[in-house]
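S.K.: Required output: the full structure, derived from the provided sequences and hints.
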Amino acid sequence: MAASNVPRLDARLAAAFRYVRPGHVAADIGCDHGKLSAALAGSGRCPLVLACDLRPDPLAKARQRCAPYGDKVQCRLGSGLSVLHPGEADDLIIAGMGAETIMEILEAAPWVFDARYNLVLVPATKHSVLRRWLARRGFALAGETLCQAAGRWYAVMNARYTGAAHEPDGLECLCGQTAGQPGFAAYCAQQNAKLKKYRRGLPPGSEADAVDALILELEERSCL
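Using my numbering, the first residue of the sequence shown is number 1, and each one after it goes up by one.
Check each hint, because a few of them may be wrong.
Cβ pair distances, simulated, as ranges [claimed, not checked]:
{"id": "1", "residue 1": "163", "residue 2": "60", "range": "36 to 44 Å"}
{"id": "2", "residue 1": "216", "residue 2": "47", "range": "47 to 55 Å"}
{"id": "3", "residue 1": "104", "residue 2": "166", "range": "15 to 23 Å"}
{"id": "4", "residue 1": "213", "residue 2": "77", "range": "45 to 53 Å"}
Worth flagging that the hints you see were computed from the coordinates, not collected in a lab. Every residue, glycine too, gets a C-beta built ideally from N, C-alpha and C.
M.R.: Shown next as structure tokens:
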């Protein structure tokens, strides 16, 4: 980030920051206290940030935090993407909520099913559920970053609509594009209960073998 007076971001928000395209208007949905919105505006990465939250108190704190950046940040109170007009922002960040809520927000705004929009999604829970929904609804993961914040592992997802819906396999849902990234074994250990449950339902074959290999790797690293 170019400016020294912007908020310091944890690994989760820093990963989301990097997926926002420079020079584009961004909407920070579920902005909480406005750290990411302030960083995007204060660093010059975005000419305008729409900081949005459902709750008045966090939005008031976001407004105070973003005040130094003047009209580069607009704060809006409301639910999900209902606070935006289609096309008002090209980069849409949805963070700090569970996968089901993110899915509900996107389903309620059919205009996001368009390749012009760059989605930055940070599910707090059920990462595999969100990956499956994205694949089934025609979104592709352009990138995914594994990171740890406050003792928890997060997968920060960058998705774009392609219209090429498909049924993802279990490993795609459980691991996404995180394989080989720092912390991957620990992340999979966090996902271990889901991984073993998924394995029990697999018939013999290449996918079952791949899941067995992943479980064995975790055991060898003493991650379970």
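S.K.: Against this structure, judge whether each hint is valid.
M.R.: Hints versus structure:
A hinted range of 36 to 44 Å for the beta carbons of residue 163 and residue 60 is consistent with their spacing of about 40 Å. Take residue 216 and residue 47: their Cβ atoms lie about 50 Å apart, and the range 47 to 55 Å holds. Taking 15 to 23 Å as the suggested C-beta distance range, the pair residue 104 and residue 166 conforms, at roughly 22 Å. Taking the beta carbon of each, residue 213 and residue 77 are about 49 Å apart, inside 45 to 53 Å as hinted.
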